[in-house]
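Protein chains: 6
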Amino acid sequence: MNEPEQRASPITPTVDFSAEGIQHGFLRLPYSRDDSAWGSVMIPITVVKNGEGPTALLTGGNHGDEYEGPIALFDLARTLKAEDVCGRVIIVPAMNYPAFVAGTRTSPIDKGNLNRSFPGKPDGTVTQKIADYFQRALLPLADIVLDFHSGGKTLDFLPFCAAHILSDKAQEQRSFELVQAFSAPYSMKMLEIDAVGMYDTAAEDMGKVFITTELGGGGTATAKSAGIAKRGVANVLRRAGILKGEADVAPTQWLDMPGGDCFAFAEEGGLIEPLVDMGGTVVKGQVVARIYPIGRTGAPPSKVHAKMDGILCARHFPGLVKAGDCVAVFAMTV
Amino acid sequence: MNEPEQRASPITPTVDFSAEGIQHGFLRLPYSRDDSAWGSVMIPITVVKNGEGPTALLTGGNHGDEYEGPIALFDLARTLKAEDVCGRVIIVPAMNYPAFVAGTRTSPIDKGNLNRSFPGKPDGTVTQKIADYFQRALLPLADIVLDFHSGGKTLDFLPFCAAHILSDKAQEQRSFELVQAFSAPYSMKMLEIDAVGMYDTAAEDMGKVFITTELGGGGTATAKSAGIAKRGVANVLRRAGILKGEADVAPTQWLDMPGGDCFAFAEEGGLIEPLVDMGGTVVKGQVVARIYPIGRTGAPPSKVHAKMDGILCARHFPGLVKAGDCVAVFAMTV
Amino acid sequence: MNEPEQRASPITPTVDFSAEGIQHGFLRLPYSRDDSAWGSVMIPITVVKNGEGPTALLTGGNHGDEYEGPIALFDLARTLKAEDVCGRVIIVPAMNYPAFVAGTRTSPIDKGNLNRSFPGKPDGTVTQKIADYFQRALLPLADIVLDFHSGGKTLDFLPFCAAHILSDKAQEQRSFELVQAFSAPYSMKMLEIDAVGMYDTAAEDMGKVFITTELGGGGTATAKSAGIAKRGVANVLRRAGILKGEADVAPTQWLDMPGGDCFAFAEEGGLIEPLVDMGGTVVKGQVVARIYPIGRTGAPPSKVHAKMDGILCARHFPGLVKAGDCVAVFAMTV
Amino acid sequence: MNEPEQRASPITPTVDFSAEGIQHGFLRLPYSRDDSAWGSVMIPITVVKNGEGPTALLTGGNHGDEYEGPIALFDLARTLKAEDVCGRVIIVPAMNYPAFVAGTRTSPIDKGNLNRSFPGKPDGTVTQKIADYFQRALLPLADIVLDFHSGGKTLDFLPFCAAHILSDKAQEQRSFELVQAFSAPYSMKMLEIDAVGMYDTAAEDMGKVFITTELGGGGTATAKSAGIAKRGVANVLRRAGILKGEADVAPTQWLDMPGGDCFAFAEEGGLIEPLVDMGGTVVKGQVVARIYPIGRTGAPPSKVHAKMDGILCARHFPGLVKAGDCVAVFAMTV
Amino acid sequence: MNEPEQRASPITPTVDFSAEGIQHGFLRLPYSRDDSAWGSVMIPITVVKNGEGPTALLTGGNHGDEYEGPIALFDLARTLKAEDVCGRVIIVPAMNYPAFVAGTRTSPIDKGNLNRSFPGKPDGTVTQKIADYFQRALLPLADIVLDFHSGGKTLDFLPFCAAHILSDKAQEQRSFELVQAFSAPYSMKMLEIDAVGMYDTAAEDMGKVFITTELGGGGTATAKSAGIAKRGVANVLRRAGILKGEADVAPTQWLDMPGGDCFAFAEEGGLIEPLVDMGGTVVKGQVVARIYPIGRTGAPPSKVHAKMDGILCARHFPGLVKAGDCVAVFAMTV
Amino acid sequence: MNEPEQRASPITPTVDFSAEGIQHGFLRLPYSRDDSAWGSVMIPITVVKNGEGPTALLTGGNHGDEYEGPIALFDLARTLKAEDVCGRVIIVPAMNYPAFVAGTRTSPIDKGNLNRSFPGKPDGTVTQKIADYFQRALLPLADIVLDFHSGGKTLDFLPFCAAHILSDKAQEQRSFELVQAFSAPYSMKMLEIDAVGMYDTAAEDMGKVFITTELGGGGTATAKSAGIAKRGVANVLRRAGILKGEADVAPTQWLDMPGGDCFAFAEEGGLIEPLVDMGGTVVKGQVVARIYPIGRTGAPPSKVHAKMDGILCARHFPGLVKAGDCVAVFAMTV
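Protein chains in written order, with the working numbering: chain U, 1 to 334; chain D, 335 to 668; chain G, 669 to 1002; chain P, 1003 to 1336; chain Z, 1337 to 1670; chain F, 1671 to 2004.
Bound-form chain U, shown alone (with noise of 0.2 Å):
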C-alpha cells in the first residue's frame, strides 16, 4: 500500500523562481478568517538571479520579534543588483511574518514557534504551512541558507554567527568557513541536543550548507549590530561566490558551551538585579543575579549562582522574572 501523496501546498509565490533578474513579490498564504473570509497571509520575497551559480536561501524573522536580519535583508532587497550576482538570492526578510508584524516570538494567528514547526503541514496551521512550504518548496532550491537570529524581547545574547557540528564533516567544515566568513564578534560551535522540527536540522537534513546567528535581543536592534548582520550576509554570499568583491572579514572569538551546566535558571520569580554584564568573566559558585521578590519589601533575594567558569553569553531581558526562566547562560572561550 502506497502513501498517500501529499497534499500540494496552498501557498502560490508571485514570483518566478527561475526569472533572470530581481523580483520583489509575496507569498500569498490563504488564510480564510472571522475579519477575511477569502484573506491571505502575504510574506514579502524578493529574488534575485542572474545566470548559473549556487543559490542562497536568506532568512530572518524565524521569530517574529528578533530585527538584525530583517534590517540586513530588507536592505539586501532593495539594494542588490542583479548584475553584481551569479547565480540566485532568494531573501525572505521575515519568515513568520503575522509574528514580524506582531513583533511576537510567536505567530498571533496560532502561536506557532515556526522554528519548532518543521517539517511543517500543508493543511495544517497557517505556521506549519508556512513550515512546509519552506520545506518543500524552497529549502530543495538552495544550496546554502543564512538564518538570522537574535533575542527577541526576552532574551539578550553576545553577538555571533554558528553552525552545527554534524555527522557529515564535509557539510560541517563549509558551514563553518561561512561562520568565519560572516565575521561577527564571536562565532560558536553549536550541538543540538534536541533538534526536533528546527528549520535548522531540516536544512542539514537535505545536505544544506546552514549557518544561523545570534546577534542581540531585546527586541531592538542598534547601529552597531545592524551593521554586524548586513556586514555578515554579504561577506557570506562573497565568500560563496554568489556575489561579487571580497569579504571584509574580521577576527573572531570562538565559544564553545559545553552542556547543561551552561544554563542558570530561576525557582523563584520577582525584580531581577544583574551583577554580571554580557561578555563578563565568572567562576563557577558565583552570584550572577539576585531576585527580589515583590511582595514586600526587607525580605531577602534569592541568588543565582554560575555553574562553571566562563563568560555570560547571554541573558534573560525583561526586569521581572518569572519562576522557570532561564536566567543567564555561561560559554567557554576557545
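Simulated from the structure, these hints should not be mistaken for laboratory data.
We put the CB at the ideal spot given by N, CA and C, even for glycine.
Hints may be right or wrong, so weigh each one.
What the hints assert, rightly or not - Negatives, chain D to chain P, calculated, CB over 10 Å: (1) 354; (2) 445; (3) 447; (4) 456; (5) 507.
Claimed, not checked - So, partial list: chain G residues that the calculated Cβ filter (under 10 Å) puts toward chain F: (6) 687; (7) 690; (8) 733; (9) 761; (10) 876; (11) 889; (12) 958; (13) 985.
Following the hints, complete the assembly by docking chains D, G, P, Z and F onto the known chain U.
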C-alpha cells in the same frame, strides 16, 4: 461659600511614620472588583527613622516598566540600618504598584499614567488615589525627594540624573547640588514645557528639593545601570546628611536640551534601522535612522534626520516603529 | 447665579408608574456602541399598583453576581396579584442589568460598581446613568426600599437582613422594624463609616425607610437561601401594609460589628486553608486560616489571626487568595 | 475671581493654515502608552488655500466605520488643485483617526464617541482632545462645515444630506441651500431633540453653516454611494464659491421624521427576518420584521410593527439583533 | 491488522429520526470548559417525517455570519406541517451553532471553519465533533442535501444557487435540476479546485444530491434575499417530491467562473473605493477599485484591475481592506 | 518496520526519586513563548522516601479550580516526616499547575483538560506534556494512586471518595478497601461509560490501585471539607502501610449512580432557583429547579425535573445557567 472639605484618602498605611527604627509594611488601598469584592492594592513601603534630621522620600516604579529605581530601592530597604540614618528615609520602590507587577508603563487597572495624575483624587481611579496619597500624605513629610525613572520598554536613555530649572533659585540650587552628588555619567538641567500632572511639579510646588533620573531603558537593567542607581541614592542621602559616610562622587557630563529641535518623530511606521547609537554625535541634517515599510520588499525606506548638532541621548527602543513615535532625542553637551 | 438645570435622564420607562394593575416592561437606556450604534440597555421592571397605599421599591442585582434577590424578585414579579396589593410595588430584580447578565459584581461596560455610583450622572457612564435614574426618578416614588445583596462570587456571608444606624431615630426605628419582619436567621445594625456613593445613603438621605440584606455568597444560591429571600420580601410587604396577609415571622439572632478589628486581611497571596467555618466561634488571637505559598512545596504557610472574640460572619470565598484580600470578618452576637 | 485660562491643546499641526498652496500633513496628538511612551496619534490633514475667500472645513470619520466621507475626502485631497480654489479648503478625512484605523464607531483607545464628546477637553481622553482641537482651533477658521456620516457597521440608511432646523433662520436657510446643492437622492430637515455633545451643535452655535449626511451603511461603500459623496462635496464647494465650476445638481426627495413614532425597537434578541426593504412603503401597524429566538427551533418569532405610515429610511444591519436595538426607522416624504 | 473501530460520537440527539410527525429538539454535544465543567453545546434541530419518501437534509449556519439560510430554515421549521410532507425533512438552521450565536464565520471556541473540517473527529475540537456527526450520522440519512451559504460579514455575492461539476454525471444532473428548481436570480456550475475538508465533498462522495447557495453577504439579509431563500427551499423540496404543491419557478441567469483570473487580490491595505457595483460589467484591464493608503493624505491610491471580461459577482465588503484580501470576483454569463 | 522510538519527555525533575529522605523540588517543563523565549513551567513536587515499601502517588489540581486536594497535599508535603514513612510518597499538589495558578479547570495556556489528555504526548501541548510525564515517568513508580477532585467553580458535590468497577476484581477490591479507609461522608462505586483520556484509566490500565474523590465544589474549600481531605489521605497511607499509625476511620454512606437518568440538563438558559439542596431526597418527576428567563419579568420559568428517586449528589453551582449545562445529578443510597 467655602470649598467643601476634601474626602479622606482611602489608603491606610500599616507603618507608623513617626516611629523610630525600621518598619517594612504596606500602603493598603481598598480596591473592590469582580475578582475580589473586598480586595486591596498593597503597595510595599519601608520607613527608617533615627532621631532628628531631614526626611528623604525615595521612589521608583512611578512608571511600572523602569527597573533601576526599584532595584536600588528594594536593595536599600533590606540593607539600610537605622543606626546609619540621621532623620528619616521613606522608601516606596514601586509607586504605581499595579503597573510594576504587570511590567507596564501605566496601570493595568485604569491605564493611568501616575506621573500625569497629580494631584490625584481620593475618590478617583486607583492611580488617582495613589497620586492623592503622595500629594497629601507623603510629600508633606519630605524634605528631599528622589524619583527614579528609566526609559521603560519603549525608550532608551543615556544614564543621567536631572533637576528642573525653577523660579525659586535657592530651591533649584539645592536640587542641582544633589544631582551633582548622584554622580550619574550624565546630568541634565530640564525646563519642563508642560508639567501639568507631574509628581515632579507637585513636589516642587511644595518647595521640596526634587531630583529625578533616566538611567537606561528597554524594560531591563544591567549590572552597570543598577550600580549607578545604587551609588546615586547613597550619595544623595549622604550629601543630604541623612546617611552617614562620604558620598562616592564621580565626574559627570552635563547636558542641555534646548527645545523642540531635540526631538525627531516618525511620520511612517515600519522596521527601524538605527544609524547612530546612544551617545553618538550627529550634525544637523544627518540621517539618523531609516524606516522600512514592511508590507513589501524593494520599497525605499523613509529617513529620519537630526534637526540639530549634538549627541543621541534617547531613542525609540522596539524594532518596529509606529507613525507618531519619537524616534530619537538629541542633546548638547555643556 | 443659578445652578444650571440638570439634564434629563436618557432612560425611558415603558411602564406607567401611575397606572393601576400589573405591568411588565423595561427601563430603556440608549447605549451607542461599536456593535450597535443605536442600541439600548433594557432593564426589566414590574409595577403592581392597586388603589391607595405606600410604595415599596424592591431591588436586586445592585451587584451582578448576587442571586437571592433576583430569584425572589423574578418570582414575586410573576406571582404577585394586583388584588393582593394595597398601594404600589415597584420591582427591579437586576438594577445593574449589564453586570447581572455577565454574572459580575461590576458592569462589564464601564467597570462601574453601582453601589458606589450614587447620585449618578445623566450624562455619565452607563452605570452612572442607572444610578441617576434611581436617584431622581424611582427613589422619590418610594416609601420603603428593600435592596437585596449577597456576598457575590468572592465573599460568603451568614444570612442577615440589616439597616443602618441613622441620626433620625424615627426613621431608624421604622427600618429596624422591617429588618425584624424580614426574619432572616441573623439581623445586623450597621454603622457605615464611609457611605459615599451608596444607594443606601441616597435612599436614607431622602428619608426613606431602607433595609438591605446579605444572604449567602459564592455566586450561587441554595433552596434555603432563596427561601429566606422569598419569605423575607413577603414579610416586609405585609408588615408595611402593602401586601395582604400575615407576616411569617421567625426568630433572628442580632449581630454587631464593632469596628476595624472585625476584618482580617491577607498580606500574602496563595492557597487558603480555612480553619473555622461560617458561624463558628473564635477567640482573639486564634489562627483562623493558613495561606500556603504556591510556588513550591515545603514552605511554611502564613497565618491569619482573629483580632477579637466573636463568630465568623463573612469570609473570602475563592480557593486562592491575593495579598490585600479580606480573608475573614467577625461579628459579636448581641 | 476669574475662570482660569484654559490649557492649550496638546495637538500640534504640521501644516500652516495661513499658507498659500497645497499642504498635506498631520495633527500630531501626543499619546503616551504602554507600547509607546512617547507616541502620538497622527491625524492626516490637507489644507488648500488660494487667495481670499471663505473657508470650508470638510470632515469624515467622525465615526470610524463610515466610509463614503473618507473616500470622497481622500480622493479630494489628492486631486484638488490650488488654482481651482478661491479661499481655503481644510480636509480631515478621518476625524476620529484611531477609530477609523480600527474600523469601529468609537475609539479603541477610550471608547469615545467623538460626536458626543464636544466641546472636548485639552486634558481629557484622546477623543476629548480631538474634539477640543476642532472646537477651539478648526471650527473658528471655517465658514461652512460639511461632516460626512453613514450608518456604520450596525445601521443602514437611505442616502441623504441633511441640516438642522435652527432658531437663526438665515443660518438655517444657508444650510438648506447647501443641502439642496449636495443633491443626494434624499434630503432631510432634522430637529435634534438631544444635541448635547455633537459636533453639529458646536459648529452651529458658532454660527457656521453646517451640513451633514447619511449615505448608506453596513460598514461598506459602493461605487454608487461613493459617487454621491464625491459629487456632493464638489457641488457644495461650488455653490459656496470656493471651487470653480458649476454644481452638478440633481433632483432630491425631501423627507421628514416627525417624532418618536419613527423608531421601532426590539424587545427580544434573536435572528431578524426583514419584511420590508430600504425605501419601501409601510402603513401603521404593519409587521416590518420578525425576530426568531435562536435557542430552539419551532418557537414563534416576535414581531416588529410600524407605528406610522411612511417609508423605511434606516434599519438595523447585522443579521442578529439584541433587545434594545433600533430595528427600523420610518420617514414621511414631503 | 485491522483499523481500530472508531470512537462513537459524543453527540446525543434529543429527537428520534425514525419517528413520525414533527419534533423540535437538540443535538447535545458535551463541552467541558472553565465556565461549565459539565456543559454542552445545544444545536437546534427539527425533524418532520410523514410516511415513505426521500430524506432532505437542510442546513444553514455552516458559517456563523450568513443569514439567509438560517432565516429560511427557522421559518420552515415552525411552519412546515407533517401532512404536507412525503418522506422526511431534517432541518439544522445553524450547523456551527457556537459560530452562529457569536455572529462569526468560525467557531469562537476553537476558531474552526466547519466547512474545512470534514470528515471531522469524534475526539477532536468542538467543530470537528460537529463535522463528524454530520459525516457519520446525518449525511447517511439523506438523499438530497441543501446547504445555505452567503458571503458573511466580509464578502458580498450576487444571489445564486450552485452545484458542483462531478465525475458521476447522473448525480451531477440531479443536482443541477435542483439548482434550476431553486430559481435564484443566478445559478452557478462550480468546479472546485481544492475541495478538501468541505461538507459539499463529504456529501457528494456518499453519492448524495448536493446543492448550495451564495445569497448576498455583509453579515445581513434583506426582505428580498430572505425571500429568495424561502422560495428556493420550498421549490427544492417540491421538485424532490418531499413537499406537496408546485414549485414556484422563475428564470435564472447561469454563470461560469473559468479559473484563477476570476479573482483580484489586494497587495496593499487601505481604504477601498469601489468603482464597479455588483452585477456590473467589466472588461479586461479595467480599474475596478482604488485602495487609498490611510497613513497620510495626498498619496496616490493603488489600483485593482479586472483580469478578464465579465460581471462582478462577488466583492470584499468592509470599507477597509488588508493586503491579501480578495477584492473582487468576476464571472462570465453563460 | 518498527514503531519509531518515542521521544523523551521534555520534563526534567529537580528531585531524585530514588533518594532517601525528604526532597522538595520541581518538574521543570520548558515552555517557550512570547513573554519568555526560554521559560519553563515549574510544577512543585515533594518526594519522601524511607527504606523499602510501596509507593503512593498523591495528586491534586488535576483540574485547577478544585481545592481540597491541594490543601491536603501542600499541608502533607510540609508536615510529613521521613521517619514516619515506610516506602515512598510522591506528592504533586497541583498536577495541571498552570490551571491551578489561574484558578481555572483547564490550562490557560492551551485550554487543555488534563483529565482528558492521557496518555499525553511528549511533543504536544503543555497539558499533553504533563500527561505524558505522569504516564511514562510517575505512574510506573507507583503502587497506589490517590487523585483528589472536587466540583470546581461550576459544580458542587456531596463529599465522597470513589473507585471504579474494574474487570480485575482483585484490583477493584484493593481500591474499594482504600475508599473505605478514606472515610469520606459518602463513598461511590463508579462505572465509567467513557473513560477515554482519563488519568484514572491510565493508572488502572497499569494495574495500579487507584482512588479518587469529589469533596465539595464552587471553587472554594471549607474547614470541614479540607479536614475530610487531610484525614482521608492520612488514612489511605496508613491502610496501605506507608504511613505509621492507625487510620482514623469513620462511617460512610455508599452511593450508586445507575445510569443516564441520574443527570438533568437545562434546555434554557437563565437564572436558576434551586428547590432542593445537596443531600436532599427527591422522587421521580419532582421539580428540582426553576430557570427564569432574564430578558424580562413576568415570563414563566422553565422547570427541571428529577428522572429518578434518590438524593441530590451534585448540582450546577453558578447563579446563572446556560442551555446544555448539567443542573442536577441524583444518586441512590446503597
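A quick look at each hint next to the structure:
The beta carbon of residue 354 of chain D sits about 40 Å from the closest Cβ of chain P, which is more than 10 Å, so the claim that it is off the interface holds. For residue 445 of chain D, the non-interface assignment is contradicted: its Cβ lies about 8 Å from the closest Cβ of chain P, within the 10 Å cut-off. Not every CB of chain P lies more than 10 Å from the CB of residue 447 of chain D, the least distance being 6 Å, so the non-interface label is violated. With a least CB separation of 19 Å from chain P, residue 456 of chain D remains clear of the 10 Å interface cut-off, as annotated.
Separation of residue 507 of chain D from chain P is adequate, the least Cβ-Cβ distance of about 30 Å exceeding the 10 Å criterion. Annotation: interface hint on residue 687 of chain G violated; nearest CB of chain F at approximately 15 Å, more than 10 Å. For residue 690 of chain G, the interface hint holds, the least distance from its beta-carbon to any beta-carbon of chain F being 8 Å, beneath 10 Å. Satisfaction of the interface hint for residue 733 of chain G is found here, the shortest Cβ-Cβ separation to chain F being roughly 7 Å, below the 10 Å cut-off.
Residue-level restraint check for residue 761 of chain G holds (minimum Cβ-Cβ distance to chain F is 6 Å; threshold 10 Å). Taken as an interface hint, residue 876 of chain G does not check out: its beta carbon lies about 22 Å from the nearest beta carbon of chain F, beyond 10 Å. Because the closest C-beta pair between residue 889 of chain G and chain F is about 6 Å apart, less than 10 Å, the hint holds. A least Cβ separation of about 8 Å between residue 958 of chain G and chain F falls short of the 10 Å threshold, and the interface hint therefore holds.
Hint status for residue 985 of chain G: holds, given a least beta-carbon distance of 5 Å to chain F, under 10 Å.
Hints 2, 3, 6, 10 from the list above are not met by this structure, while the remaining hints are.
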